[in-house]
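S.K.: Those sequence lines, one after another, are chains F and A. Here the working numbering is used: position 2 in the first sequence is 2, and no number is missing along the way. Here the working numbering is used: position 167 in the second sequence is 167, and no number is missing along the way.
It is worth saying that the hints were derived from the structure and are not from the lab. Hints should not be assumed to be uniformly reliable.
Result set (BS3-like, lysine-lysine): computed pairs, CA atoms no more than 30 angstroms apart in a straight line [to be verified]:
id, chain 1, residue 1, chain 2, residue 2
1, A, LYS30, A, LYS137
2, F, LYS517, A, LYS36
3, F, LYS30, A, LYS529
4, A, LYS537, F, LYS406
5, A, LYS36, F, LYS513
6, A, LYS447, F, LYS294
7, A, LYS537, F, LYS36
8, A, LYS13, F, LYS81
9, A, LYS537, F, LYS45
10, F, LYS195, A, LYS140
11, A, LYS81, F, LYS447
12, A, LYS195, F, LYS537
Part of the chain F face toward chain A, derived, beta carbon under 10 angstroms [as the list claims (entries may be wrong)]:
id, residue
13, ASP24
14, PHE226
15, LEU301
16, ALA412
17, ALA414
18, ALA528
No residue lacks a Cβ here, since even glycine has one placed at the ideal position from N, Cα and C.
Protein chains: 2
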Amino acid sequence: MGQTIFSDSTAYKKLNQLSKTIRDKKFHLKNLIQEKDRLEKFSLKSDGFFYDFSKQRITDNVLEELFILAKETRAKETFSKMVSGKIVNVTENRAALHTAARDFTHDRILVDDLDVIFEINRVNKKIKPFTAKIHNKQIKGDSGKAFTDAVVIGIGGSYLGCEFVYTALKHSVEPLIHLHFLPNVDIDNFGQIIKTIDPETCLWIVISKSYTTTETLANLNQALLFLKNNNLDPSKHLVTVTAKGSPGDDPLNKILDSFHMFDFIGGRYSVTSAVGGLPLSLAFGFDIFNRFLKGCHVMDLHALTATEKENIPLVSALISIWNSNFLSYPAQAIIPYCSALSKLSPHVQQLYMESLGKGVTVDGNFTDYETGVIIFGEPGTNAQHSFFQLAHQGRPFPIEFIGVVKPVYNKAQALSKGVYNHQELWANMIAQGQALAMGKNDENKAKYFTGNRPSSTLLINDLTPESIGMLLAFYEARTVYESFILGINPFDQFGVELGKVLASDIRNHIKRKNSDKTYEFDSLDPAAKFYLETLFKESL
Amino acid sequence: MGQTIFSDSTAYKKLNQLSKTIRDKKFHLKNLIQEKDRLEKFSLKSDGFFYDFSKQRITDNVLEELFILAKETRAKETFSKMVSGKIVNVTENRAALHTAARDFTHDRILVDDLDVIFEINRVNKKIKPFTAKIHNKQIKGDSGKAFTDAVVIGIGGSYLGCEFVYTALKHSVEPLIHLHFLPNVDIDNFGQIIKTIDPETCLWIVISKSYTTTETLANLNQALLFLKNNNLDPSKHLVTVTAKGSPGDDPLNKILDSFHMFDFIGGRYSVTSAVGGLPLSLAFGFDIFNRFLKGCHVMDLHALTATEKENIPLVSALISIWNSNFLSYPAQAIIPYCSALSKLSPHVQQLYMESLGKGVTVDGNFTDYETGVIIFGEPGTNAQHSFFQLAHQGRPFPIEFIGVVKPVYNKAQALSKGVYNHQELWANMIAQGQALAMGKNDENKAKYFTGNRPSSTLLINDLTPESIGMLLAFYEARTVYESFILGINPFDQFGVELGKVLASDIRNHIKRKNSDKTYEFDSLDPAAKFYLETLFKESL
């Protein structure tokens, strides 16, 4: 790849220098934001997507040097390679073609001899009639009733993105089928969901690329038992989204249908594949899902073609690197001033932390710099009444505000203090960025605000499928850009393996105890032994 | 108070020294946890509540010195003062008596001339019959139908704790009345909720101590308009939880009833007051709420009376300070291996970050040390498939695992890989702590794990109201202990004021524009002007 030149780049050294000068009080944000043309210089707009980074602790010099960093690390080049199907996931020897899942421009993209566009179209052409048949009641449950609900069995990348989009879209589009998410192997996750559905009108969607994910198979087994206990034929209530040839794709399986997902799209980037495509088309219809894909594609094209200086995901990645690698902020909050986007933070938390939480470069060397930060967040104004005390007077962390120009609700409303709720929401969003930047002097030190706390603001026009698509694709593009600049692989996740191996070992001990009550956990370490004995004793 | 002696204490200096030696590789956790009696030495149990801190980066010396720190900062003394009604909230000149809200031991606690116990009993004696009358249909909606749902209008401390407890308890107790939470001034929060309720069978609970909270009053106004548009008399559908004499407590208000909350209990500590008492008693009946209070009281007594070395919340606070002030971890994750506890992290996030995000000591001086960390979390095993990649191979942060010995679901279950789901859940919880501590060598650097990453594990027996009560009170006690040791005030939140003032200024500009379309935002800074013009233009 030849791109692990982050900390060797001339820009890196220059930015390190600049980060020292920026600590001087003349660069306090309360001074910086006085510059008359600051918003104009430090904001970008494209296709109804707006990004304001004027309240970041940057100067012209810093930004210039960040662009040089992007050039030196050949970020755009790697992005192009990714989109065209090159092997950018080097540790797993795979392409990373989530962008192909919504590519309305190319007729074919080849990976080895596989035409990726053809494969994706093939799956979508199956999703569309299948979900239509559910909606028009051609396909019904075993007892002859039409489906009203679907439970998505899948964990991590097989549900977080879909949950975000479902939660957002159901504000503006009334669901035809209501989705429920069953990620956790916790039996109470299952127990709560079956309280809220009617077994006769419920479809189960099992999502796992390998069809070996422990949690997902354990929940599938509960679902099968549940169907059996309700005298319902699983083959009328079960569909799978899985890799071609996986155990979930076996033609002998008694299921309604199976939809393929692919090695060239990783879990956390898979919302626009069948992983999101099937459940979201069930919920809202394929046409809504397709509009969502079109929004993603608009952002993909922008991320691919816009120059460094006009490229919103790339600039946003550079700002993130500036904050984390040069100003040493360990975290970033994502605060959508929008209830509909309440599941955005958990999605981006996975997307970003699993992509960027790496200690090794694409060349296989340990990084000599930090990668990735903690991402967390709740909707505003809620967050103002929760953890913003610490944001204003405790340890600082950068915040990304997200505003939606037009809300969904359009019926008659009451005024309070002379303004509408949505106006009040925006007044607060604007004020928080100001307060964080400006700070405030006060003789009473308890009422003193340091200020100089950075924030960005993203705006989208509305909560249409297209706008939600742009937002999703923005965070995907920014995440891969940040990784490419840092010279790490955003597509693998070896850090989750060790825990799986150790869990498997513990599971084997439990299994032995299940079949032999006299079995003792003596070969385990004292802590593990204690936990397992407590579990079997059912009491502390 | 005379307790701002944190960084002047001899223990502070000693701990700073120790924190340097603990970085030596002989203190790597993979070595430390080999000590045979480690679990015994570094774990505590009380009343069915277990705390394991054996996988923290501590030694006997460190722990000894932490106990000296607790003594030097007189943490237990301040806790006693708090419980007995002394003015521990010094900046606001108030007591902090959340423990009195569930004090089944004392007959009276005086604050000035007010008998706090009497006041609390007076409110609870009103909640019990009121909610019983709703349940037995003596009180019905305006159209004569019984209530089935209640919308809680309240933000921050007026909802996060209640939402946590409601979410947890509804796994084991079927709600009599279903609760919905309307915190956000976002009109789409309101718009979504009214889709899911029947106006004739819905009660609205307005929670605000001052009854001036902007978001809450804006949502109250929407609720009043909604009732009017549905031809329902608000006086049959509205109750308030508010301070005696507030605008919400006016006898002229057309409401069903009003329940008092008090200055001596702050919002984020108020779940056990009427703030949680009314909605939770509506949902589950007063007896369930009372059992929850009893669980809290058990933990309160433990926190008050156990010696430093046996005091679980105090030891947990010391470990938190060790990690944040001496080992420089900027964050902590709370990972309950339990879906029912999915709202614990957002609650503790507020409780802890609003209490500890301070830059000034109780003596009114700026702290010369860090206070508070970022708290975030999602349930396990979900989190393993989300951000644990970064936890294992990226920037380290301490994790608090929470396990529940017995799940709620007790029907016949399927086995997977020879174990039940709840056993699989525990296998994973145990394995994660091991993996974080031990790490793993691998020639392939992408598969190398540094290890030496600290974690704690809390266990509770079950999801009964008593156990949930203990868990809630544990986090409250630990939060105040941590603040007392750091010498800061956990009960004020001046950091949220500046944003309110600036929002009010922006609101006034919007208000003028609402009444005069020709009004221009020229007096605002260019960024604010741009945002408001976009808002009125309804498009980017």
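S.K.: All hints are to be evaluated individually against the structure, with a verdict given for each.
M.R.: For each hint, the structure was consulted:
Of the pairs offered as hints, the one joining LYS30 (chain A) and LYS137 (chain A) is violated, with about 61 angstroms between alpha carbons and a cut-off of 30 angstroms exceeded. Restraint check for LYS517 (chain F) and LYS36 (chain A): satisfied, since their Cα atoms lie roughly 26 angstroms apart, inside the 30 angstroms limit. The suggested pairing of LYS30 (chain F) with LYS529 (chain A) holds, with an alpha-carbon distance near 17 angstroms, which does not exceed 30 angstroms. About 10 angstroms separates the Cα atoms of LYS537 (chain A) and LYS406 (chain F), which keeps this hinted pair within 30 angstroms; it holds.
Of the supplied pair hints, the one linking LYS36 (chain A) and LYS513 (chain F) holds, its CA atoms being roughly 24 angstroms apart against a limit of 30 angstroms. With a C-alpha separation of about 37 angstroms, the suggested pair LYS447 (chain A) and LYS294 (chain F) falls outside the 30 angstroms cut-off, and the hint is violated. For the proposed pair LYS537 (chain A) and LYS36 (chain F), the alpha carbon gap of about 23 angstroms is at most 30 angstroms, so the pair holds. For the suggested pair LYS13 (chain A) and LYS81 (chain F), the alpha carbons sit about 54 angstroms apart, so the restraint of at most 30 angstroms is broken.
Simply put, LYS537 (chain A) and LYS45 (chain F) have alpha-carbon atoms about 16 angstroms apart, close enough for the 30 angstroms limit, and the pair holds. A distance of roughly 26 angstroms separates the Cα atoms of LYS195 (chain F) and LYS140 (chain A); the hinted pair therefore holds under the 30 angstroms criterion. The hinted pair formed by LYS81 (chain A) and LYS447 (chain F) meets the criterion: a straight-line CA distance of about 25 angstroms does not exceed 30 angstroms. Distance check on the hinted pair: LYS195 (chain A) and LYS537 (chain F) sit about 46 angstroms apart at the alpha-carbon level, beyond 30 angstroms; violated.
The criterion of a C-beta within 10 angstroms of any C-beta in chain A is not met by ASP24 (chain F), whose closest approach is roughly 20 angstroms, and the hint is violated. Satisfaction of the interface hint for PHE226 (chain F) is found here, the shortest Cβ-Cβ separation to chain A being roughly 9 angstroms, below the 10 angstroms cut-off. About 18 angstroms separates the beta-carbon of LEU301 (chain F) from the nearest beta-carbon of chain A, more than 10 angstroms, and the hint is not met. Residue-level restraint check for ALA412 (chain F) holds (minimum Cβ-Cβ distance to chain A is 7 angstroms; threshold 10 angstroms).
Because the closest C-beta pair between ALA414 (chain F) and chain A is about 4 angstroms apart, less than 10 angstroms, the hint holds. The closest approach between the C-beta of ALA528 (chain F) and any C-beta of chain A is roughly 5 angstroms, which is under the 10 angstroms cut-off, so the hint is satisfied.
Violated hints for the displayed structure, listed by number in ascending order: 1, 6, 8, 12, 13, 15.
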